[in-house]
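Starting from the known structure of chain B, fit chain Z onto it as the hints suggest.
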Amino acid sequence: MEPIVHLRAAVALLGRFPALAGIDLDVVRGEIVLLRGPNGAGKTTVLRACAGLVPVVRGEATVLGHDLRRDAAAVRRRVGLLGHESALFDELPVVGNVTFWGRACRASAADIASALDLVGLSGRLRDVPVGRLSAGQRRRTALACLLARRPELWLLDEPHAGLDNDARDLLDGLVRQAVEQGATVLMSSHELDRAEALADRVVALEAGVTAAQRAERPAPEPTAEPSAPAPEVTHVA
Amino acid sequence: MWRDASLVAGRDLRIEARSRVTVHQVGPFALLVLVLFAFALDPARQILERATPGLYWITVLFSALLAIARSAALDEAAGVRDAVRLSALDPVGVFAGKALAVAAELLVLEALLAVGVIILYGAEPAGVGLLVATCLAATAAIASTGTLYGALVSGLRVRETLLPLLLLPVLAPVLIGATRAFEAALGGAPADGWPWCGLLAVFAILYSVAGALAYGTLLEAS
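So the protein lines, in turn, are chains B and Z. Numbering of the first sequence is given in the numbering used here, commencing with residue 3 and proceeding in unit increments. Numbering of the second sequence is given in the numbering used here, commencing with residue 21 and proceeding in unit increments.
Looking at chain Z on its own, in the form it has when it is part of the complex:
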């Protein structure tokens, strides 16, 4: 399973590295959203500072939608889905590989956005351990859920609009948990954030297991 996961993750990341969609489109989009939030809330600087955790994770979610749609599109190329079904690839491995590739892209994006909020919003990093753990758990939850829902809408003519409509409500608990954990870390009370981080880890495990179990069926049905 892990062999297949590394094969699929390597393929997706190589394609991303060559096409540079993440670097040229998703990254700039994420930074643009941060800048627009700053323009909109800058007159009320205190509000901007207080809202930084929420704005950060909303931006991550919007950017993740692009990365997830792009990841799903790779398997919609002509004949790829049939070729996967004809291969010896374990569906769980394919799911894990695609989720790992999305997660790797999101972690890079989150690092970029972290620099953005420090510069634009004046955020002062504190509780680094909690921030990193929160990012890892939330990213795992977003990547696994996104990979599952990307496969779910694959092949539908309305997939571009349907994906956010289905995905964002499912990811609402992740948005809430990650925002609360970040608020605690940036507010100088990391101990208050660890329960939220734990909740995120539970979400990540649940979504990953559900995705791994359902992916093979979706592959057959689409």
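Chain B with its partners taken away, still in its complex shape:
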């Protein structure tokens, strides 16, 4: 089965400096993969490269069947990135933000309403300007924007940061639900206990390369291509 994310000796630059120095990574459909590593290891850059936002200049880089070096635009429309920056407009209410980004991604009105409902923002907070929300509520709003676009590949950069325990449980539940519906998740986190409990596999990064991989549980049964064999989990020195 063709992996959803396939990076082989991939090199990505931030400005003139190599942020990824030949990374190897494969993620198959329905998998939840956690990237871990110290600050500066390249976790955020891997997520942004997989979203087509950081150019891969050498090596193989395929996401959702599209070559990132030639067709990053086709990848961008099919992934959802929850990053450190929320891309929210403080003056607009929660519903205004989610509706704008939802419509910008061609989401239906039903998907937008459902996203607000799923993150618990369909009540009184719906009409509150985002600038007046707490950090956790802003994070929920950003999560609603991601849910509305129904991405095939979720790219979550420190998704638990700034959330209280209830919101973290909610996020984990939404991730599992998305995977059951056929999505694939690549995430980074420093909250390792919670993130490792959620992940199927952990990939350790160090200085922009893959240092090690560890399976937390058996690789998931493929959902979209049931006849394809389950992938092998490899360990990289």
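Derived by calculation from the structure, the hints in this document are not laboratory data. Note that this is a predicted model, so its numbers are computed, not measured. A hint or two may mislead.
[What the hints assert, rightly or not] Cβ-Cβ distance ranges computed for the label pairs, FRET-style: (1) A93(Z) x R60(B): 53 to 59 Å; (2) S136(B) x V128(Z): 44 to 50 Å; (3) G149(Z) x Q183(B): 32 to 38 Å; (4) A199(B) x M21(Z): 43 to 49 Å; (5) G125(B) x E96(Z): 40 to 46 Å; (6) D168(B) x P189(Z): 53 to 59 Å; (7) G184(B) x V178(Z): 31 to 37 Å; (8) P189(Z) x S136(B): 43 to 49 Å; (9) L56(Z) x G133(B): 31 to 37 Å; (10) Q183(B) x G30(Z): 30 to 36 Å; (11) Q183(B) x R38(Z): 33 to 39 Å; (12) E240(Z) x A112(B): 28 to 34 Å; (13) D168(B) x G30(Z): 31 to 37 Å; (14) D168(B) x E96(Z): 31 to 37 Å.
Where is the CB? At the ideal position from N, CA and C, for every residue including glycine.
Using the frame of chain B, we list chain Z on its own:
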């Protein structure tokens, strides 16, 4: 493309309506400039009357700089540019939407300034058709050029000072054309102003096409 343009224009105008930056800052700034010109030139009333078209459009340009900088700043909020790149929005639609929102704000501002020059400078409106057509063409040129240059300087630490430095020379032909057209209209010879208005329309089309073609590249590069 037009669907995306209306989505982006609606967002920018809603944010402006809620933040009231245009109403509370840009509008009063524009009126203040008109008043200061009146104070400076009032002893020579004839000069003030003769200079009214030029002063009007200089004030519009200065105020437009504020509106354009504000419009560009909306897309500099944390993560917005990446989110636009990840969305299905057509860059041409984003450019058109942002330019339309700036143009709408400028047209309101120009109407306010028109009242200002009638009251403060004693201007007598004549050739209304030419005045309106000139305003529409000049506004389209200013909004499209401003949106393009706003994206060009976006992300730079010196963007606040660089924007006027780059934008004002490019808009010099618009200032000249709009001033000449207004002089003709207010001087009672509108027929002399229509060629200038036509020139402004050509500028507006050229700047809009250039902006639409370049905006996507700037979005990727910034």
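In this structure, is the beta-carbon distance linking Q183(B) and R38(Z) contained in 33 to 39 Å?
Cβ of Q183(B) to Cβ of R38(Z): about 36 Å, so the range 33 to 39 Å holds.
Is the gap between the beta carbons of D168(B) and P189(Z) within 53 to 59 Å?
Cβ of D168(B) to Cβ of P189(Z): about 56 Å, so the range 53 to 59 Å holds.
Look at the Cβ atoms of Q183(B) and G30(Z) and judge whether their distance stays inside 30 to 36 Å.
With Cβ atoms ~31 Å apart, the hint holds.
Just tell me: holds or violated, for the beta carbon distance of A93(Z) and R60(B) against 53 to 59 Å?
Distance hint for A93(Z), R60(B) is violated at roughly 36 Å.
Taking 31 to 37 Å as the stated bounds, is the beta-carbon spacing between L56(Z) and G133(B) within them?
holds, 34 Å
Given the range 32 to 38 Å, decide if the beta-carbon distance of G149(Z) to Q183(B) lies inside it.
Violated, since G149(Z) and Q183(B) (Cβ atoms, about 59 Å apart) do not stay within the stated range.
V178(Z) and G184(B) - C-beta distance against the hinted 31 to 37 Å:
violated, 47 Å
Look at the Cβ atoms of E240(Z) and A112(B) and judge whether their distance stays inside 28 to 34 Å.
holds, 32 Å
Holds or violated: the 31 to 37 Å window for the beta-carbon distance between D168(B) and E96(Z)?
holds, 33 Å
Determine whether the Cβ-Cβ distance between P189(Z) and S136(B) falls within the hinted range of 43 to 49 Å.
With a Cβ separation near 46 Å, P189(Z) and S136(B) satisfy 43 to 49 Å, so the hint holds.
Could you check the hint for me, namely that D168(B) and G30(Z) are 31 to 37 Å apart, CB to CB?
holds, 34 Å
Assessment of proposed distance window 44 to 50 Å (beta carbons of S136(B), V128(Z)):
The hinted range 44 to 50 Å is violated for S136(B) and V128(Z), with Cβ atoms some 35 Å apart.
Of the numbered hints stated above, those contradicted by the structure are hints 1, 2, 3, 5, 7, listed in ascending order.
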